[in-house]
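These are the residues of each chain, in order.
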Amino acid sequence: MSADYADGETSEVNLVTAVRDTLAQEMRRDENVRLLGYDMGPIGGVFRATEDLYEEFGEDRVIDTPLSENGILGAAAGMAMRGQRVVPEIQFLGFFYPAFGQFMYTISKMHERSGGAFEMPLTVRIPYGGGIKSSEYHSESTESFFVHTPGVRVVCPSTPAETKGLLAASIRSDDPVMFLEPKAVYRTGTQEVPEAEYTLPLDESRTVREGSDVTVLTWGAMVRHAETAADQVDADVEILDLRTLSPLPVDAVLDSVKKTGRCVVFHEARRTLGLGAELSALVNEYAIDHLKAPIKRATGYDVHFPSHQTEEAYLPDEQRAAHAIEAVTSYEY
Amino acid sequence: MAKWTESRPDEDFSRVLAPDGTLSGEAPVDEATALRMYETMKLSRRYDEKMLSLQRRGEISILSRSWGEEAIPVGSAAALEAGDWCFPTYRQTPSKLYWGGPLDRAVAGLMGHEPETIEEHLPLDEADEPAVNFSPIYIPLAANVTNAVGSAMADKFEDGNTVTLSYIGDGSTSQGDFYEALNFAGVFDAPAVTICHNNQWAISVPSHRQTAADTFAQKAEAAGMPHERVDGNDVFAVYAATQRAVERARSGEGPTLLECVTYRVDDHNTADDAGAYRDESEQEFWAERDPVDRLEAYLRSEDALDDEAIEAIEADADERVEEAVDRARDVPEDDPERIFDNHLQSESWNERHQREELRAEQRGENPFTDFTGDGL
Numbered sequence: 001m002s003a004d005y006a007d008g009e010t011s012e013v014n015l016v017t018a019v020r021d022t023l024a025q026e027m028r029r030d031e032n033v034r035l036l037g038y039d040m041g042p043i044g045g046v047f048r049a050t051e052d053l054y055e056e057f058g059e060d061r062v063i064d065t066p067l068s069e070n071g072i073l074g075a076a077a078g079m080a081m082r083g084q085r086v087v088p089e090i091q092f093l094g095f096f097y098p099a100f101g102q103f104m105y106t107i108s109k110m111h112e113r114s115g116g117a118f119e120m121p122l123t124v125r126i127p128y129g130g131g132i133k134s135s136e137y138h139s140e141s142t143e144s145f146f147v148h149t150p151g152v153r154v155v156c157p158s159t160p161a162e163t164k165g166l167l168a169a170s171i172r173s174d175d176p177v178m179f180l181e182p183k184a185v186y187r188t189g190t191q192e193v194p195e196a197e198y199t200l201p202l203d204e205s206r207t208v209r210e211g212s213d214v215t216v217l218t219w220g221a222m223v224r225h226a227e228t229a230a231d232q233v234d235a236d237v238e239i240l241d242l243r244t245l246s247p248l249p250v251d252a253v254l255d256s257v258k259k260t261g262r263c264v265v266f267h268e269a270r271r272t273l274g275l276g277a278e279l280s281a282l283v284n285e286y287a288i289d290h291l292k293a294p295i296k297r298a299t300g301y302d303v304h305f306p307s308h309q310t311e312e313a314y315l316p317d318e319q320r321a322a323h324a325i326e327a328v329t330s331y332e333y
Numbered sequence: 334m335a336k337w338t339e340s341r342p343d344e345d346f347s348r349v350l351a352p353d354g355t356l357s358g359e360a361p362v363d364e365a366t367a368l369r370m371y372e373t374m375k376l377s378r379r380y381d382e383k384m385l386s387l388q389r390r391g392e393i394s395i396l397s398r399s400w401g402e403e404a405i406p407v408g409s410a411a412a413l414e415a416g417d418w419c420f421p422t423y424r425q426t427p428s429k430l431y432w433g434g435p436l437d438r439a440v441a442g443l444m445g446h447e448p449e450t451i452e453e454h455l456p457l458d459e460a461d462e463p464a465v466n467f468s469p470i471y472i473p474l475a476a477n478v479t480n481a482v483g484s485a486m487a488d489k490f491e492d493g494n495t496v497t498l499s500y501i502g503d504g505s506t507s508q509g510d511f512y513e514a515l516n517f518a519g520v521f522d523a524p525a526v527t528i529c530h531n532n533q534w535a536i537s538v539p540s541h542r543q544t545a546a547d548t549f550a551q552k553a554e555a556a557g558m559p560h561e562r563v564d565g566n567d568v569f570a571v572y573a574a575t576q577r578a579v580e581r582a583r584s585g586e587g588p589t590l591l592e593c594v595t596y597r598v599d600d601h602n603t604a605d606d607a608g609a610y611r612d613e614s615e616q617e618f619w620a621e622r623d624p625v626d627r628l629e630a631y632l633r634s635e636d637a638l639d640d641e642a643i644e645a646i647e648a649d650a651d652e653r654v655e656e657a658v659d660r661a662r663d664v665p666e667d668d669p670e671r672i673f674d675n676h677l678q679s680e681s682w683n684e685r686h687q688r689e690e691l692r693a694e695q696r697g698e699n700p701f702t703d704f705t706g707d708g709l
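Those protein sequences? They're chains A and B, same order as listed. Numbered according to the working numbering, the first sequence spans residues 1 to 333. Numbered according to the working numbering, the second sequence spans residues 334 to 709.
Because the hints were derived from the structure by calculation, they are not lab data. Owing to the predicted nature of the structure, the values given are computational and were not obtained by experimental measurement. Just so you know, even glycine gets a beta-carbon here, dropped at the ideal spot from N, CA and C. One thing to keep in mind: the hints can contain errors.
As the list claims (entries may be wrong) - Listing some non-contacts, in silico: residues in chain B with all C-beta distances to chain A over 12 Å:
hint, residue
1, ARG348
2, GLY358
3, GLY509
4, PRO539
5, HIS541
6, GLN543
7, THR544
8, GLN576
9, ASN602
10, LEU632
11, SER634
12, ARG662
What the hints assert, rightly or not - Pulled a few chain A residues facing chain B out of the computed Cβ check, cut under 7 Å:
hint, residue
13, ALA75
14, HIS111
15, GLU112
16, GLY115
17, ASP175
Unchecked claim - Pairs of lysine to any residue residues, derived as SDA-like cross-links and limited to a Cα-Cα distance of at most 25 Å, are as follows:
hint, chain 1, residue 1, chain 2, residue 2
18, A, LYS259, B, GLY708
19, B, LYS383, B, ASP547
20, A, LYS133, A, VAL46
21, A, LYS258, B, PHE704
Construct all of the structure, not just a fragment, from the sequences and the given hints.
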């Protein structure tokens, strides 16, 4: 979609700074917005995503909690039930497992089980993904767990400007949002981001580039590799950055594949029952007549996220994307 | 293994009303409140009785009753004030009944209606809403306690003046959520009162299999939180302890854990058979400590109740329950599309298409005929 938010003054920021600036903006705008997590106070988070916010807003709005993911989400849920607009942080996606109880029991379900009587306006911020050579459980890309759960939105930006609009929209949404931040690209580049407030829709993809030969469906940290791959291959590549993983922007996916007739799903997560499986199934169910080649999934492997020495071999990159694109564009029935 | 203190239940908790209804010290509530407690317990018992008969007839599927444990939800709820919050599980229906919660909605819920259908067909005027705020009843164990602490934290951060009460069973104190909740409550000085219904059984597992600690109350020690241990069959003792905890919370002195020692007279639920794992003599022991009989004996001794008044209270409870059941039976069958209600705030492609598929299926048509994504 076009950058209709690009009016007015801009400043050049990276993705993690866009997170920080948006949190500050939303906290100034609405006093019910509170952040909740550990290490987010004086040090401003291990990735500095909440830098200076503790000083500006104080300990009752940037709340350093005990080291307890389930406690953070459970307390956040109770605060949200009382009309607070809570933005809990889980430090790494691999630390989310203890929080699954509250995630499944209350956050995803309270609105539905109360017949709409209780809102759950919280945005769980979670850095995800590999490529930073960290220790185990610091590099997970398990968004499918969330996508498989009804009653929550799953959002994943890929650029600073998208981050601002999507995070602001998530915080203002009355739905619970799992906001996955691609930490591998937190500081890899900057972009002019409008200083004025703006939001982006929570159910629309972004067409990164238009093309006629093949559609690449991707999101988060993989978008940049898809772009590099598109420059390298001998094909006119259309790239959709899904941005919102649940609910999926199905119309945009089908429209693109019907136009190009070929499709590659390019994601960092493990392949089996990764989101690529669902996207492939959707295209198969609703656009098979348009397909000129089988859909390929260029993804991580079905293994635990590996150690430093081998993580590059695991992680999808522009070469893996290019190979998948070349395979489906050269395929003939 | 530590000797379980329930082997000496008369020795180590606070009590106001003895099992024979005699009072030690002063009654903590006035006569009108004591009568309201009594009426609520009688109403709850009639409700439990009626629901069991509906379950046996197949009108409701499964039921967990409050029978024999009513002093805990009633005594504690009575210590709350208008505007306070309460996060109950499935065994504290009497809390809501004490505050005038609608019986017909409770029955309709047990009949398996979707909440939207209940809202539509059993509407409730704002004026009839209970003055204490109740969350939906929680089924997952201990999840409510963590949310209740979040609710209390919200009050704390907003400089509010309300208190949040939640309930947990003895078995549920083995859940991580319970420790996480208490820990947060302690760290943030949250105005949260947590009440452990120690009814000594988590389905078939006895309380000494839940913990090697001497008491459940002492689990609060690890969270730096005051705690008390109370006779859970003594509605006055439960009230007095809760009242102290509520006052502490309201005046900014933070959370409290109360352990109310009682006994699950009944099966865990209607799918359970306690006879398979319990000794009947235990039940006899606890039957002599019944909370309703105890309060009744006291109120009789005060001349606040006589046979005629009790008969009138029973007749009133009977009538209210029967009327509620009739109203609940009149709720029409749920529209199948209700299953799609209240997931997200706007419609998604998948929701739209799956609704269409369900409709087609309901009409006896084939829902698998969309090959373009344009709809059926």
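Regarding the assertion that PRO539 (chain B) does not contact chain A, is the least Cβ-Cβ distance greater than 12 Å?
25 Å, holds
Do the numbers back the hint for GLY115 (chain A), that is, is its least Cβ distance to chain B under 7 Å?
3 Å, holds
Holds or violated: is there a CB of chain B closer than 7 Å to the CB of ASP175 (chain A)?
With a minimum Cβ separation of about 5 Å from chain B (threshold 7 Å), the hint on ASP175 (chain A) holds.
Please check whether the beta-carbon of GLY509 (chain B) is more than 12 Å away from every beta-carbon in chain A.
6 Å, violated
Is the Cα-Cα distance between LYS133 (chain A) and VAL46 (chain A) 25 Å or less?
15 Å, holds
Test the statement that GLN576 (chain B) is away from the interface with chain A: the closest C-beta pair must be farther apart than 12 Å.
Non-interface label stands for GLN576 (chain B): nearest chain A Cβ at 23 Å, farther than 12 Å.
Keeping to a limit of 25 Å between CA atoms, is the pair of LYS258 (chain A) and PHE704 (chain B) held or broken?
Judged against 25 Å, a Cα distance of about 12 Å means the pair holds.
Is the straight-line distance between the alpha-carbon of LYS259 (chain A) and that of GLY708 (chain B) 25 Å or less?
Status holds; Cα separation ~19 Å.
Distal placement of GLY358 (chain B) relative to chain A, Cβ over 12 Å:
36 Å, holds
Over 12 Å from every CB of chain A: does HIS541 (chain B) meet that, or does the non-interface label fail?
25 Å, holds
Nearest-CB test (12 Å) between chain A and ASN602 (chain B):
19 Å, holds
Is it correct that the beta-carbon of LEU632 (chain B) has no partner in chain A closer than or equal to 12 Å?
Correct as stated: the minimum Cβ-Cβ distance to chain A is 37 Å, above 12 Å.
In terms of the numbered hints stated before, the structure departs from hints 3 and 19, listed from lowest to highest.
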